Amino acid sequence: GQQVMQIPQYQHVQEGEDFTTYCNSSTTLSNIQWYKQRPGGHPVFLIQLVKSGEVKKQKRLTFQFGEAKKNSSLHITATQTTDVGTYFCAASSNTGKLIFGQGTTLQVKP
Amino acid sequence: KAGVTQTPRYLIKTRGQQVTLSCSPISGHRSVSWYQQTPGQGLQFLFEYFSETQRNKGNFPGRFSGRQFSNSRSEMNVSTLELGDSALYLCASSLRPYEQYFGPGTRLTVT
Chain A
1 GQQVMQIPQY
11 QHVQEGEDFT
21 TYCNSSTTLS
31 NIQWYKQRPG
41 GHPVFLIQLV
51 KSGEVKKQKR
61 LTFQFGEAKK
71 NSSLHITATQ
81 TTDVGTYFCA
91 ASSNTGKLIF
101 GQGTTLQVKP
Chain B
111 KAGVTQTPRY
121 LIKTRGQQVT
131 LSCSPISGHR
141 SVSWYQQTPG
151 QGLQFLFEYF
161 SETQRNKGNF
171 PGRFSGRQFS
181 NSRSEMNVST
191 LELGDSALYL
201 CASSLRPYEQ
211 YFGPGTRLTV
221 T
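Residue numbers (the working numbering), protein chains in the order written: chain A, 1 to 110; chain B, 111 to 221.
Keep in mind that the hints were calculated from the coordinates and are not lab data. A quick note: this is a predicted structure, and the numbers were derived from the prediction, not measured. Treat the hints with care, as some may be off.
Partial pick of chain B residues on the chain A-facing surface, computed with a CB cut under 7 Å [unchecked claim]:
| no. | residue |
| --- | --- |
| 1 | 118 |
| 2 | 120 |
| 3 | 150 |
| 4 | 153 |
| 5 | 155 |
| 6 | 180 |
| 7 | 209 |
| 8 | 212 |
| 9 | 215 |
In silico BS3-like pairs for lysine-lysine, Cα to Cα no more than 30 Å straight-line [what the hints assert, rightly or not]:
| no. | chain 1 | residue 1 | chain 2 | residue 2 |
| --- | --- | --- | --- | --- |
| 10 | A | 70 | B | 123 |
| 11 | A | 70 | B | 111 |
| 12 | A | 70 | A | 56 |
All residues carry an ideal CB built from backbone N, CA and C; glycine is no exception.
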């Protein structure tokens, strides 16, 4: 079945450093979504990307969708301790199911 | 608007028992999806309901079932519980396709 691979699994950064997580698929994706889950919390929708090469920004977060619509990335500039959590990408399968990546857990050292 | 609510928040059951979890979506959201989250397997899609009909189903055994009522509230049931069913069960509602709003989850522990 369709799979979405997400790397890295874990990332430890010093506060103020940048962070990037990547999401890859072997098949073309119709769209991709990003979610954030704080420790002990539930996933919270961040954004959806639909167009090839699309780039969207939310304050210090930059989301990109690859030209071939097979990969995506989330980049955080100058991380803060409030950025701690697990970031998931998710893509809809050809049957309409949402397939989640394994997530990247971000730890930020103050 | 109130968010997605799930009850109960925590549950402890023994092997062989059955359990029913409840989810109330955001008002106006007609699609409700269920997910199982475990440290090893991550977020796994269970099923999706829309207007009382199951629209999609994940790769889980028949012990996992669900339903949706006319007011969009949804329940999921797990029969003959196994130790491996211990997980966080998340419900999500949506208005637009694929943009999911998750509830706080039900933490199920099977002993």
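Going down the list of hints, with the structure as the test:
Taking 7 Å as the C-beta contact cut-off toward chain A, the hint placing residue 118(B) at the interface is violated, the least distance being around 15 Å. At its closest, the beta carbon of residue 120(B) sits 12 Å from a beta carbon of chain A; the interface hint therefore is violated under the 7 Å criterion. Because the beta carbon of residue 150(B) sits about 10 Å from the nearest beta carbon in chain A, more than 7 Å, this interface hint is broken. Restraint check, residue 153(B) versus chain A: the minimum CB separation of about 4 Å is within 7 Å; hint holds.
Interface restraint check: residue 155(B) against chain A, minimum CB-CB distance 5 Å, threshold 7 Å, status holds. Residue-level restraint check for residue 180(B) is violated (minimum Cβ-Cβ distance to chain A is 22 Å; threshold 7 Å). For the restraint placing residue 209(B) at the interface with chain A, the shortest Cβ-Cβ distance is roughly 6 Å, inside the 7 Å limit, so the hint holds. Interface hint status for residue 212(B): upheld, as the beta-carbon distance to the closest one in chain A is roughly 4 Å, under 7 Å.
Hint status for residue 215(B): holds, given a least beta-carbon distance of 5 Å to chain A, under 7 Å. Straight-line distance between C-alpha atoms of residue 70(A) and residue 123(B) comes to about 42 Å, which puts the hinted pair past the 30 Å bound. Proposed proximity of residue 70(A) and residue 111(B) is contradicted: the alpha carbons are some 35 Å apart, above 30 Å. Taking the CA atoms of residue 70(A) and residue 56(A), the gap is near 17 Å; set against the 30 Å cutoff, the hint holds.
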